[in-house]
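Q: Given these sequences and hints, build the entire structure.
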Amino acid sequence: MKPHMRQYCAQRLSKTLGLALLLVTVAVALAACGNSTSNPQDDDAILIGDNAQPKRVATIVLTPTASPVVQGGDTVNIVEPTRAIATLQMTHTKEPFVGIYLGDLIGSDDDEPLPTLEPVVPAAANQSGSVSGLPAGTGIVSGTSVDARFTTRYEAMRDQLGAPLGPAVDTQMAYQRFERGMMYWQGSQRQIYALADDGRLVRVADTFDEGMPESDPNLVPPQPNLVQPVRGFGKAWRENPTIRDGLGWGTSGEVPHTGLWQDFERGAMFVGTDGQVVVLFLQDGRYTR
Numbered sequence: 000m001k002p003h004m005r006q007y008c009a010q011r012l013s014k015t016l017g018l019a020l021l022l023v024t025v026a027v028a029l030a031a032c033g034n035s036t037s038n039p040q041d042d043d044a045i046l047i048g049d050n051a052q053p054k055r056v057a058t059i060v061l062t063p064t065a066s067p068v069v070q071g072g073d074t075v076n077i078v079e080p081t082r083a084i085a086t087l088q089m090t091h092t093k094e095p096f097v098g099i100y101l102g103d104l105i106g107s108d109d110d111e112p113l114p115t116l117e118p119v120v121p122a123a124a125n126q127s128g129s130v131s132g133l134p135a136g137t138g139i140v141s142g143t144s145v146d147a148r149f150t151t152r153y154e155a156m157r158d159q160l161g162a163p164l165g166p167a168v169d170t171q172m173a174y175q176r177f178e179r180g181m182m183y184w185q186g187s188q189r190q191i192y193a194l195a196d197d198g199r200l201v202r203v204a205d206t207f208d209e210g211m212p213e214s215d216p217n218l219v220p221p222q223p224n225l226v227q228p229v230r231g232f233g234k235a236w237r238e239n240p241t242i243r244d245g246l247g248w249g250t251s252g253e254v255p256h257t258g259l260w261q262d263f264e265r266g267a268m269f270v271g272t273d274g275q276v277v278v279l280f281l282q283d284g285r286y287t288r
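Read in order, the letters of the sequence shown are residues 0 to 288 in numbering that gives the first Met the number 0.
Bear in mind the hints are in silico, worked out from the structure with no lab data behind them. Glycine residues also receive a C-beta, built at the ideal position from the N, C-alpha and C atoms. Hints should not be assumed to be uniformly reliable.
[Unchecked claim] Quick list of the computed label-pair ranges, beta carbon to beta carbon:
(1) S187 x P220: 29 to 37 Å
(2) G161 x V219: 13 to 21 Å
(3) E213 x S144: 34 to 42 Å
(4) V276 x S251: 20 to 28 Å
(5) P223 x S187: 32 to 40 Å
A: As C-alpha cells, this is what we get:
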C-alpha cells in the first residue's frame, strides 16, 4: 500500500476509536446515575412533599454563666435569672406597757441608753419582826412561818392577814380595861391599840415622853370606881375623842406584861393577858378574839 493510503487509514481508525471511547464513557456515566436514584442510602433524610424543608435542631447547653452556643443551628443565649437576696433589717418596736405612769422617759432619742435605777434595799426589821419606820401590817414579806401558837387562827384568816413579816417574838406590853373596851401598848413598836367591845380598832402612835404630864387634873371620873388613864394611854385617850368616846373611862389601872407578838402583811396577832389570841385586821379597822 502506498504511503498516503496508510496515512488516510490511520486517521480514520483513530476517529472511530475516539468515538467508541466516548460512547463507552457516556454509557458508564448513565449507569452510575441510575444506581444513585434507584437505591437511596438509609442514612440520608427523606423529604416528602413539595414544601418539605430540612429542619435544623438547636442544641442548648446550660452553663453557670451566659454564653452563646452554636450546634448546627441558631445561636441561643441562656441568661440565668438573678436571685434577689432579702436583707433583714432589725427595727426597734415599742411595745405597750401596762402599769403606773411615772412620766416621760429622760431624753428624746430612742437610741440613748436609759438611766440605771439603783436597787431599793428594804429597811431592816426590828426585834418584833416589823419593818422599822413602817406601821405594823405593812412591809416586805419575809417568807417566815407562822408561830405554832397562832397557826389554828391564822389558817381561818390567811386572806385577811396576808403572809407573816417576821417570826413571833416576846415583847414588852401593857394592858388596861375600860368601860366599853381595852387598850394595849406594844413597847417595841411604840404603838397603842384601842379595842372597843363592838369590834372596832383604832391604832395610834405612843407619843408620850418622860417629863410630860401623866394626866389632866381637870378631867374627873364620873364615878368613884372609874379612873382616868395616864401616861401613854392617857395622852392617846385625851387627844383622840374617838378613843375616849368609844372606850369610856378606865375601870382599872394599867397592867404591864410580856406578850407574844407576830406581824403580818395586813395585821398582827398577839397573846393577851388572859391567854387568848387577839387578831388585828389593821386595814379593816377591826379585831377579833
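Q: So, for every hint listed, does it hold in this structure?
A: We went through each hint and held it up to the structure:
1. The supplied range of 29 to 37 Å is met by S187 and P220, whose beta-carbon atoms lie about 31 Å from each other.
2. Restraint check, G161 to V219: a C-beta distance of roughly 44 Å breaks the suggested window 13 to 21 Å.
3. At roughly 41 Å, the beta-carbon separation of E213 and S144 lies within the given 34 to 42 Å, and the hint holds.
4. Evaluation of the 20 to 28 Å hint for V276 and S251 yields a pass: the beta carbon distance comes to about 22 Å.
5. As the Cβ distance of P223 to S187 is approximately 36 Å, the hint placing it in 32 to 40 Å holds.
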